[in-house]
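Q: Following the hints, complete the assembly by docking chain Z onto the known chain G.
If you want the building blocks of each chain, they are given just below.
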Amino acid sequence: MINRRIKDNLATFLIWLSAGIATSILVAVVTFIFSNGWSLISVDFLRNNYEPTVRFVNIETSDRFQRPDGLDNRLIFSENLGVALEQTEAGYVVTYLDNNSPLRTAIDLEESLFPVKEGHFIEEVNGVTINHQTPETEVLEVLNAEATALIKIRELGGGVFPMMVSTLLLVFVTLIVSAPLGILAAIYMVEYAKPGRFVKLVRFATEILSGIPSVVYGLFGMLMFVQLLKLGMSILSGALTMSILLLPIMMRTTEEALKTVPMSYREASYGLGANKIQTIYKVVLPSAMPGIMVGIILSTGRIVGESAALIFTVGTFASLPVNLATGNLSILETGATLTLRAFIEVKEFGNIEMASAIGIVILVIVFSLNMISRLIVKKLSH
Amino acid sequence: MTVNRKRVWMEKIFHAIFFMAASFAVVSVGAIIVLIFSRGLRPFFPGNIYGTYNFFDFVTGLNWRPAFGEFGVGYMIINSLLATLGAILLGVPISLLTAVFIAEVAPKPLAKLMQPAIELLAAIPSVLYGVFGFAIIAPAVKSISPHPTGDSLLAVILVLTIMVLPTIVSVVVTSIRAVPQNYKEGSLALGASKIQTIFKVILPAAKSGILTGVVLGVGRAIGETMAVILVAGNPEGGIPTTIFDRVRLLTTNIVLEQGYAAELQAQMLFSTAVVLFFFIMIINIILSKIQKKAGDM
Numbered sequence: 001m002i003n004r005r006i007k008d009n010l011a012t013f014l015i016w017l018s019a020g021i022a023t024s025i026l027v028a029v030v031t032f033i034f035s036n037g038w039s040l041i042s043v044d045f046l047r048n049n050y051e052p053t054v055r056f057v058n059i060e061t062s063d064r065f066q067r068p069d070g071l072d073n074r075l076i077f078s079e080n081l082g083v084a085l086e087q088t089e090a091g092y093v094v095t096y097l098d099n100n101s102p103l104r105t106a107i108d109l110e111e112s113l114f115p116v117k118e119g120h121f122i123e124e125v126n127g128v129t130i131n132h133q134t135p136e137t138e139v140l141e142v143l144n145a146e147a148t149a150l151i152k153i154r155e156l157g158g159g160v161f162p163m164m165v166s167t168l169l170l171v172f173v174t175l176i177v178s179a180p181l182g183i184l185a186a187i188y189m190v191e192y193a194k195p196g197r198f199v200k201l202v203r204f205a206t207e208i209l210s211g212i213p214s215v216v217y218g219l220f221g222m223l224m225f226v227q228l229l230k231l232g233m234s235i236l237s238g239a240l241t242m243s244i245l246l247l248p249i250m251m252r253t254t255e256e257a258l259k260t261v262p263m264s265y266r267e268a269s270y271g272l273g274a275n276k277i278q279t280i281y282k283v284v285l286p287s288a289m290p291g292i293m294v295g296i297i298l299s300t301g302r303i304v305g306e307s308a309a310l311i312f313t314v315g316t317f318a319s320l321p322v323n324l325a326t327g328n329l330s331i332l333e334t335g336a337t338l339t340l341r342a343f344i345e346v347k348e349f350g351n352i353e354m355a356s357a358i359g360i361v362i363l364v365i366v367f368s369l370n371m372i373s374r375l376i377v378k379k380l381s382h
Numbered sequence: 001m002t003v004n005r006k007r008v009w010m011e012k013i014f015h016a017i018f019f020m021a022a023s024f025a026v027v028s029v030g031a032i033i034v035l036i037f038s039r040g041l042r043p044f045f046p047g048n049i050y051g052t053y054n055f056f057d058f059v060t061g062l063n064w065r066p067a068f069g070e071f072g073v074g075y076m077i078i079n080s081l082l083a084t085l086g087a088i089l090l091g092v093p094i095s096l097l098t099a100v101f102i103a104e105v106a107p108k109p110l111a112k113l114m115q116p117a118i119e120l121l122a123a124i125p126s127v128l129y130g131v132f133g134f135a136i137i138a139p140a141v142k143s144i145s146p147h148p149t150g151d152s153l154l155a156v157i158l159v160l161t162i163m164v165l166p167t168i169v170s171v172v173v174t175s176i177r178a179v180p181q182n183y184k185e186g187s188l189a190l191g192a193s194k195i196q197t198i199f200k201v202i203l204p205a206a207k208s209g210i211l212t213g214v215v216l217g218v219g220r221a222i223g224e225t226m227a228v229i230l231v232a233g234n235p236e237g238g239i240p241t242t243i244f245d246r247v248r249l250l251t252t253n254i255v256l257e258q259g260y261a262a263e264l265q266a267q268m269l270f271s272t273a274v275v276l277f278f279f280i281m282i283i284n285i286i287l288s289k290i291q292k293k294a295g296d297m
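From first to last, the protein sequence lines are chains G and Z. Read in order, the letters of the first sequence correspond to residues 1 to 382 in our numbering. Read in order, the letters of the second sequence correspond to residues 1 to 297 in our numbering.
With the rest of the complex left out, here is chain G (with noise of 0.2 angstroms):
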């Protein structure tokens, strides 16, 4: 009984023990990028472009703008142009535009659009150079002096606006392309395969394709998609890549949950004269989506976490996906999601608060995902 005793004392000391470390370790990974990352984080960093740039803009101006009510008082508002600047030690920061500023719809020096925005720097204008020492009467003097104007605005870099927007491009062109490829395989293995040698093939396949690695996944996408369908490192040479990847997981979620699907749902959609597309398309896909958008949730979240995958598919610059002939954003071009900047800034430059405070902006991503679909599975067993 005494020998007994020490042991379950032992066993429970233990199992204590261990979760202490489990749990220490995880808030410790948790604790690390926040407290690395934090200091970086501001609305700037949202916002701003990764690189810095410089621009030469031409304004032309022919209203006169209303100096807003409640605007600070240490801000200086020019009625030409009407932008309320605040003085800082790094220069003249933008800080309001009015809704109809001539400065939103900037052109530049190559004749396309620069829009100026909150936390750009006004440097020069019409060749009168405005730093941190320029009083502010001379500042509106400038800014007020002609109904035409050549300015240089300073954007200062350092943000992640570009990755973010990469990221999203690639979710929203990933799951177009996976979600309805996984469900309706996943409607015919559950409401249309007898079982036989295509279903255990089918199995089989999914199977091999969840063991694969993603940095195998992402050498066949470089081959298949960037080279051979000559799409080049794009976003939708990343977004097909991570598409095969993710067909197991929508798969299987959707299956699930169509197997949860009641069989008299059917039955009765039958009864009623329905055909077999009808019911599935009216009755068993209606009451089986809480089920499948969690499918597609997680896979969100596998998309905005993955790397290896994306490498390259993708490319790691840290500029948007646009267009250089014609502006736009495009998915056949390159820009680097998230998590992979994260990865370079660590492995390329060492760059550790940078890439936690992009690991702040991925954690809250896929953390309020996960809690999203752990609403929706707690709605769906009430």
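Worth flagging that the hints you see were computed from the coordinates, not collected in a lab. Among the hints, a few may not be true.
Unchecked claim - Derived lysine-lysine pairs resembling DSSO-like cross-links, with alpha carbons at most 30 angstroms apart:
1. G:276 <-> Z:6
2. G:259 <-> G:194
3. G:259 <-> G:200
4. G:7 <-> Z:207
A: Just chain Z now, with coordinates in the frame of chain G:
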């Protein structure tokens, strides 16, 4: 009549669409295997434009030095095995006991807090574990290592261990919770202590779930690339003699050199992928054999 015929046609068309979607998985596997293998096996057959390489030398070679035309992945196979084994040996006991804690030992409010938290952590992208490893684990290893860097087998094992923890814990907790309550009551009624019940009754009953967790953990550890690159050191050759030696794994080899590799070296990265593919298939077959055997007992 026409309406009916239209209906029949619609049914047929949809059936074909569903069928094609289901076939897509098979087609994908085919495409992946054909493309990766056709490029990866080419160096081992005569007539390759970039020169042939002996397959045996490739698989058993202990050095990867593209500059000298030397491509051996033997040491990477061993390193990948060691890293996975280490992570499982370290990670499984901790996860198992943590799962026991959450499911059986912890006070209810604490368990209610811990379970979703652990599941949340399973969703953290591996790159972030890599950042943690790079900034915290590697320097910590460095401080006790005889070598000048912290990048080592030990650092890789620790990062992988942390990564597999949440995966294994959440699966095992679910399977422990699924053990019928009367098993537990029966054991307690026979005079067994709570701890005895856990280890003699509950865990054996949850065996298949535990194995599933381990298999998932192995899968995550073996295929991991990006987190590992940051702490592995990735040397050009050699089998580690201590846990403080640097390692290069099959997965990391591919990503490290893909960016600039050309000609034979580029093909050899696909060859590495072929080896990785077989490596994982063999381990999966072994694991599913074990799982089946355990299920039969």
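Q: For every hint, state whether the structure bears it out.
A: Hints versus structure:
1. G:276 <-> Z:6: Holds, at roughly 14 angstroms.
2. G:259 <-> G:194: Holds: residue 259 of chain G and residue 194 of chain G sit about 15 angstroms apart, inside 30 angstroms.
3. G:259 <-> G:200: holds (18 angstroms)
4. G:7 <-> Z:207: Between residue 7 of chain G and residue 207 of chain Z the Cα gap is close to 22 angstroms, so the pair holds against 30 angstroms.
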